[in-house]
Amino acid sequence: MSNKKKLTIKKFNYKKALNYITNRFWVKLLCLAMSFLLFLFVRYQKEYAKDYVTKIEIRNIPSRLLIANNVQENVTITLKGFKDNVYELPTEFSTYIDLTNASIGSNMYEVYLAGDIDYTKMNITVNPNKIPIVLDELAYKTVPIEASTIGVASLGLSVDDIIVNPSNTIISGPKTLISAIDEIKTYNIDLTDKYLDYSAISRINLPKNIKSDVSRVNVSIIFNKNVERVEFNDIVVSLDNLDSRFNVNSDEGFIVKRVVLEANKSLLTNISANDILLSLDLKDVTNIGVHSNISVEANIPMHTKLVQIEPSYFDVEISAKDNSNIVNNNKQVNQ
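If you read the sequence shown in the working numbering, its first letter stands for residue 1003, the second for the next number, and so on.
Honestly, the hints are just simulated from the structure, not real lab data. Misleading hints may appear alongside valid ones.
Said to hold, decoys possible - Within a straight-line C-alpha distance of at most 30 angstroms, the following computed BS3-like cross-link-like pairs (lysine-lysine) qualify:
id, residue 1, residue 2
1, K1285, K1323
2, K1196, K1177
3, K1196, K1132
4, K1057, K1213
Working from the sequences, and respecting the hints, build out all of it.
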């Protein structure tokens, strides 16, 4: 019979193992707890939160219904996650409110995230996540257009009449808003330093959620003013910007026989003929000969209106300068 080695199998000593675990138990438990806390600290040091501000899109507004309130335009989306997952995060978000099957009245509507991204795997909060929207029937109404003015006209003039063309507009919008509107005003027209009848094109100032078939109007403002006219006679006309190569052939010069100005009566008493500057601009004259119908340019006092100027243009005869005397004088000097 062959010899076989005797294998001795030691029985598992539970008592010894238990003693190993329980020996200095609280120290070991404390170390384990500190290790776990250290893990959490390191892990959540990598956690971050990012805010996205995005505009809300309103979808599927039922026909014949309109939004009657000022709806909040933007929401804030807060995204929380870990920095090691940043490559998976979107760079922006899109949001919308779906008004399919919405009804007249005020209701809270949920803000949804748009796109093909699976948002269930992300820690996302939308603030606010519901938006109040008031829906109302579409209505039409014809209302007058009124001009809105600011500032005070020069010389203390008061406004005698304001003419707006067109004077009416058809507005459309939510029924509750339309019923409360009796007129539409223009944007402010500044009358500061105005002293003569004044015309302007102005946009109309529409309330939010209201539309109009007119966007701009012509506004004519007529002042209530004490206006008089005064006449000045025989005013000399100066010649400006004549080329140095030319002369103007005129024995009597150029005289405007009659200038009529219009202004407030209180101003006319301080105006004289010396305050009126008349001229012919000859910058476009490039050759000799007769140049017809050159208009008289008038520089008149502020707060006045030019009513009439007679004559209002002149024919100007241009000749070349005689440079023979200059040439002879230069020869004598050189000799």
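Status of each hint after checking the structure:
no. : hint          : verdict
1   : K1285 x K1323 : 17 angstroms, holds
2   : K1196 x K1177 : 40 angstroms, violated
3   : K1196 x K1132 : 52 angstroms, violated
4   : K1057 x K1213 : 22 angstroms, holds
Violation of the numbered hints given earlier is confined to hints 2 and 3; the remaining hints are satisfied by the structure.
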